[in-house]
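Colleague: Going down the list, the protein sequences come from chains A and B.
Take the first sequence: its letters are residues 3 to 38, numbered as in this note's numbering.
Take the second sequence: its letters are residues 178 to 599, numbered as in this note's numbering.
Honestly, the hints are just simulated from the structure, not real lab data.
Remember, it's a predicted structure, so these values are computed and weren't measured experimentally.
Glycine is no exception: its CB is placed at the ideal position from the N, C-alpha and C atoms.
Be careful, since some hints might not be right.
Quick list of simulated restraints, FRET-style, between CB atoms [to be verified]:
1. ILE19(A) <-> VAL579(B): 38 to 48 Å
2. ASP570(B) <-> ALA22(A): 43 to 53 Å
3. ILE552(B) <-> ALA29(A): 38 to 48 Å
4. THR33(A) <-> THR479(B): 31 to 41 Å
5. PRO15(A) <-> SER471(B): 49 to 59 Å
Part of the chain A face toward chain B, derived, beta carbon under 7 Å [as the list claims (entries may be wrong)]:
6. LEU7
7. VAL11
8. PRO15
9. HIS16
10. PRO20
11. VAL23
12. LEU25
13. VAL30
14. VAL32
15. ILE34
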Amino acid sequence: MKRSLPRLVLSDPHFWIPFAVLLFGIAVLVTITKGA
Amino acid sequence: MSTAKQLHVLGVLCGIAAGAWLGAAEAPTKLVTIGISPFVISLAMVIGVFVARWTVPVAIKGTGYVYLDLREKVHLVPWAILAGALWAVANTLTVFAIRDVGLSIAFPLWNTNSIVGMFWGWLLFNELRGAGRSQWIKVLGGGLAIAGGACLLAYATSQHSGLAADRTTAGIMAALGAGLLWGSMYIPYRKAYISGMNPLSFVTVFTVGELITMSSLALAFHGGLGPLRDEIAKASPALFWLFLGGFCWVLGDLFQQYAAKYVGIGRGIPLSNTNQLWGLAWGALVFGELAALSPTAVFLITAGSAVMIFGAVAISFAQAPVAEQSSWRNAMLRECERYGLDVRQVEEALLGGDPLARQNPKRTWWEFLIVALAIGIFVWLASLAERRLLDLDLAWLVVLIVASLAILLIAATLLWRRTRFS
């Protein structure tokens, strides 16, 4: 049976690499602005 | 000339044009950023980018075409939004990095984005797999030469005084973070193009992610809508220049997208990173920024520029051999299988064809309205713009504008003739 589109995207291991990098970037931004 | 060679030449030319226009984007913003919050600068540029990004694809291909493309590859919509979010956070990080450690330290750190992109291209999209040693040397060596040359330029043109020691760690973190984010932003780019999406469709959604993220960041860091609105109102005399910078940036980014499509991210990103060279040309020749530099600094700038040009030439000659192209094809087949795409159509799009155009998507009257509205916004902002007494070198201004327009015209004409902007 065909999987739904969101499942297909979320089960694509490539998707989680840029997503994790984005979260990391936001965390860096929050850290440096808190220390300013 | 073989198809592979034609597409390589086209991709390289797009990378060079990207460098020229991403560099030109720095020019309008040079004299208006003092005293404006980093978030407002980023937000204003992103709004300018948003206006241009919706207008250029509509003018070139029409909304019907973009809609058809997005509908066929709807799984790429979250990828494009993710890429836009990565760009917005990275851009904001660079503003903090420059503030905290200065351009000379920050730039080399975030310029690692080309090496990060090269790594992702190799790991996820089979770039450089099957390439011989000489191609590896040309691409990796060329990428390192462009990054190294850019570092020399940044070092020679920056001032080193007034850095607060306690902010150094934060600045370095911000710059490294920006490099990682920008380098990883190319994953969605390449993903879209090996799935046969048109770059013009991709940027239409990309810009939504950019605008949502940048607006959220600006709202969060400025304490809500009221304070942000006041900041934007204060910056209104500068908005035209920021929008104009955003517009030039869109043109450069579009060429960068086509470079990523036709030569891959490992070759495309280093080529578009030559924007540092163009930014320097604008600063030095038009704005006279380097007039007071020492002979050592001038030597470093000349050496850095020569190294960057050498790197770009090396990559220009690194056409992907048959074995590497076969690896690219495997990555494309993987995407087709996963997302149920039509292999023949995707393959045609990757070879510069335009299968969607056969469906004759209709052009509508309100596309003209969108373009007219965008022009109207620029004219309105120009009427509000502060007319500063700028000490510009008009002769060099004309030379650089003509050179940039010539590169734009050549690259756009070849793109149109060979791919119809596919």
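Colleague: Now tell me, hint by hint, if it's right for this structure.
Modeller: Hint check:
1. ILE19(A) <-> VAL579(B): 38 to 48 Å: The hinted range 38 to 48 Å holds for ILE19(A) and VAL579(B), with Cβ atoms some 42 Å apart.
2. ASP570(B) <-> ALA22(A): 43 to 53 Å: holds (46 Å)
3. ILE552(B) <-> ALA29(A): 38 to 48 Å: holds (40 Å)
4. THR33(A) <-> THR479(B): 31 to 41 Å: holds (39 Å)
5. PRO15(A) <-> SER471(B): 49 to 59 Å: holds (51 Å)
6. LEU7: Check passed: Cβ of LEU7(A) comes within 6 Å of chain B, closer than 7 Å.
7. VAL11: VAL11(A) check passes; min Cβ-Cβ to chain B is 5 Å, inside 7 Å.
8. PRO15: The hint is violated - PRO15(A) has no Cβ within 7 Å of chain B, the shortest such distance being about 9 Å.
9. HIS16: holds (6 Å)
10. PRO20: holds (5 Å)
11. VAL23: holds (4 Å)
12. LEU25: Cβ of LEU25(A) sits 10 Å from chain B, so the hint is violated.
13. VAL30: It holds, given that the least Cβ distance between VAL30(A) and chain B is near 4 Å, below 7 Å.
14. VAL32: Violated - the Cβ of VAL32(A) stays beyond 7 Å from chain B, reaching only about 9 Å at its closest.
15. ILE34: This hint holds: ILE34(A) lies near chain B, its Cβ roughly 4 Å from the closest one there, short of 7 Å.
Violated hints, listed in ascending order, are 8, 12 and 14; each of the other numbered hints is respected by the structure.
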